[in-house]
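Peer 1: Residue strings, one per chain:
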Amino acid sequence: MRQPRILLVNPPIWNVYAPHLAVPLLAAVMRRHGWQVTSLDLSIEQTDWLLSSEGLGELLPKAERRLDGLAAHERGAHEEILTVFGDTVRRVDAARAALKSRAVLADPAAFTDAATVVRNGLACVSASFPGLRFDLRGNFSCFSHRRSDDILLAAGSPDRNVYAWALERRPIPGLDDPDLAVAGISVSADTQLIAALTTARHIKLRRPDVHVVMGGNLTTRMVSRWQEEHPFFAYVDSFVSYEGEDALPALCDRITGGDDRPVPGLLERDGRGGLSRTPAAMVDVSDLPTPDFDGLPLDRYFAPGPVLPLQASRSCAWDCAFCSIPFASNKFRIRRPEQVVHDMAALAAKHGSDSFMFVDEIMTLTSLRGVSRELNDGGHELYWYGETRFSKGLDDELAAALRRSGCRRLDLGLESYNQRVLDLMRKGTKVDDIEPSLQALLGNKVPVHLFCMTGFPGETEEEALRTQEFAAQALRRSVEEFGVPYSTAANGPFILDVLSPVGERPDLFGVELIPPDEGEDLAFDLDYTVSTGLSRQDAARLTSGGPGGPAVGAAFHRGTWIGDAEEWSFLWALAEVELPARRVAVPAAPCPEVGRAATVRLADGVRGRVSVTGRGVLLHVPSCDALLDVPEEWRPLLDGRDRALADLWRDIPSPRAAAATLARLASHGALSVEQGSPDEELACVWYAAQPHLVRDSRTDGSCLLVSPETGRGVRVSAAGRLLWLLAADGATDAELAERSRLPERQRRLLLENLAEHRVIASAALAPGLLELPRVAA
Amino acid sequence: MNINHEESAQELDADKLAALAETDEATAVQPVTPKRTNSKYALLQDGTDS
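Heads up: the sequence lines are chains H and A, in that order.
If you count by our numbering, then the first sequence holds residues 1 to 777, one letter each, in order.
If you count by our numbering, then the second sequence holds residues 1001 to 1050, one letter each, in order.
Quick caveat, the hints were computed from the structure, so don't treat them as lab data.
Backbone N, C-alpha and C fix where the C-beta goes; we use that ideal spot for every residue, glycine too.
Mixed in with the good hints there might be a few duds.
[To be verified] Computed Cβ-Cβ distance ranges for the label pairs, DEER-style:
hint	chain 1	residue 1	chain 2	residue 2	range
1	A	T1023	H	E481	35 to 41 Å
2	A	P1031	H	C684	40 to 46 Å
3	A	P1031	H	E481	20 to 26 Å
4	H	P436	A	P1031	55 to 61 Å
5	A	E1022	H	C684	43 to 49 Å
6	A	E1022	H	P61	44 to 50 Å
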């Protein structure tokens, strides 16, 4: 007799750099129980496809169609992305392949190129749906995941819901399998909720006989509020709270008639408009089998690995005031270290990967000691990272053992570097223990990641800044004092979770909750006011980076930077390689030689379109990932053919402005120029490489020059600013010398540096052809 | 596109700048990383980006 089958789904969007542990854990349990299992990580399947040439190619016409219907203030950013779209479609498959290749770890330039293309791909997906910000951290759309009615509306709206759109084109395979009896959907975070209901609907419409069950951390939080039958029951038959390893086999047995023992943590309809609940049970984590990753596309995650997730413990041993983890994950339990290391060795042998991430809420000293001891005693060559907290026991002896055992990163919940704030948080950490632990880890070459939190109720701005300074200093010391360049830090605002101790007893923390908007029945984080200290708005301000945020020009530059992912930091630390830059290396600006008979064309790969928002012609230059706008007279170049400069000039009213544009295009590598008459005498002229705005002008004449196109800034002294100003509309060396009165060496070095940072550019021009401009006396 | 730098030069014209530059011996310029919008997961700026 054939065994029934269960489909286990991890919906988008979850981490795309490594598999989620829930499906492999449940797959192992269900296989041990004798069931056939299909594991589906829809998060990576959909994301990987949407960011492919095929997926983006299908989206391009959809994105094009949206342009006309957009409000005026949205059209500028949209047409920028459309300008980049074609190039991204062409290059995204190679970019994704590069990010999944081990070779890219030791090739920082290749990483930056690939990550840049994928980031642009995120903008392309976003531009294809109304209100969507498609991002590897989480997606935000025109539907709110805080409202049940919006989520249900999204589930049936493929035109506006990216997940439904993708499912229409790439349906879940195997739904016609007659053995399929149960579909389990694991929902850990609110970023997955819309896709989870969309998936449930997709399954139910095709297989109404299949029992759809939803579980996971967010499910536990969500259903704890429900007092009566909820509309989600339209597509979901039952919900499991807390842990699924005991509940799922019991539920499956009941569905197939094999057994009717109680199903722990089950929520169902009672048939009278109400709900029936069973009490949850606690899983013995030492009794669980090794997670089973069979069926997951381990070669498709966006980091070369795979970096496989494991747990050495479950839930959290602490009760921090800002956190709701204890609410939704039962009591703290440790898996025996010898079992943990057995899991690692078995998975390494099976999948050929030596890289692991412990996804424990926190690895206690007991786990850290036990796992490192087992790894060291067994002589394993495996590498891993995990999360813990500062404590007295995190000393030199343990840090040395961690390093020997393959630990190449520890994430630490620093939260604050102020004892008063740590005490308010009930963190249980002593500030005096932080520095010794930090020194022990870095001294033993274990990179750290510091989680900082700004704006816990009662915290002052001075205290928040002290924490930020400590973290910044720790990163500097990691590099300079300990030779460890792989440490990182994050600073996020306090988020008031209604299921955390602060949310449950706001009065104890001087907090007053602001109720959610009408209809936001699934809001788990709330706005609030405080009686003292930083407000929510203050926290946002102190963590937003302040002025000089994302460039207003390049809308496609705003997505997740893949190099920020913890998996990548770990893999670079493991490989001990040079870290990549965040931007593509811009080649040295050429000085074009332009004679009377010169011909020009767009350089290879440069594509453009005529702006519909009055910005002339938009050009994307892939070699430096720049978006330029030039006057519409340059439109003839868009066909990619050689053009005689003389023909172009006929339609251009001002040769002076045209020369500036020519130099600017050439400085970005956007133009290919054939001089035409090599013996012609040319004059070197300096021009503005791109528009810059003066910011932070000081009395000594220095200022910050900021490009609105790229967001990059350059701080210049009075002399540098003077040269920039004089060169703005074109000036020869002699004119700059005469007007600036700067010593020759200083002038030359400043010009070189300004050119290197794309503030100014030079061109060698035929004076007769171009009517060389002169700087006003 | 507007490359009218004088317009945005915040009240310092070339003559004023030339006077200030007389005592300025700088030969370098310094790239400044724009701070990104931080999220729970974003890195602190370390100033190494260019």
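Peer 1: State for each hint whether it applies.
Peer 2: Hint-by-hint comparison with the structure:
The supplied range of 35 to 41 Å is met by A:T1023 and H:E481, whose beta-carbon atoms lie about 37 Å from each other. For the hinted restraint 40 to 46 Å between A:P1031 and H:C684, the CB-CB distance of approximately 24 Å leaves it violated. Distance hint for A:P1031 and H:E481: a CB-CB separation of about 25 Å, consistent with the stated range 20 to 26 Å. Here the CB-CB span from H:P436 to A:P1031 is close to 36 Å, at odds with the stated 55 to 61 Å.
One distance hint, 43 to 49 Å for the beta-carbon pair A:E1022 and H:C684, is violated here, with the actual separation near 25 Å. Range check, A:E1022 to H:P61: Cβ separation about 60 Å, and the 44 to 50 Å hint is violated.
The structure shown violates the earlier hints numbered 2, 4, 5, 6.
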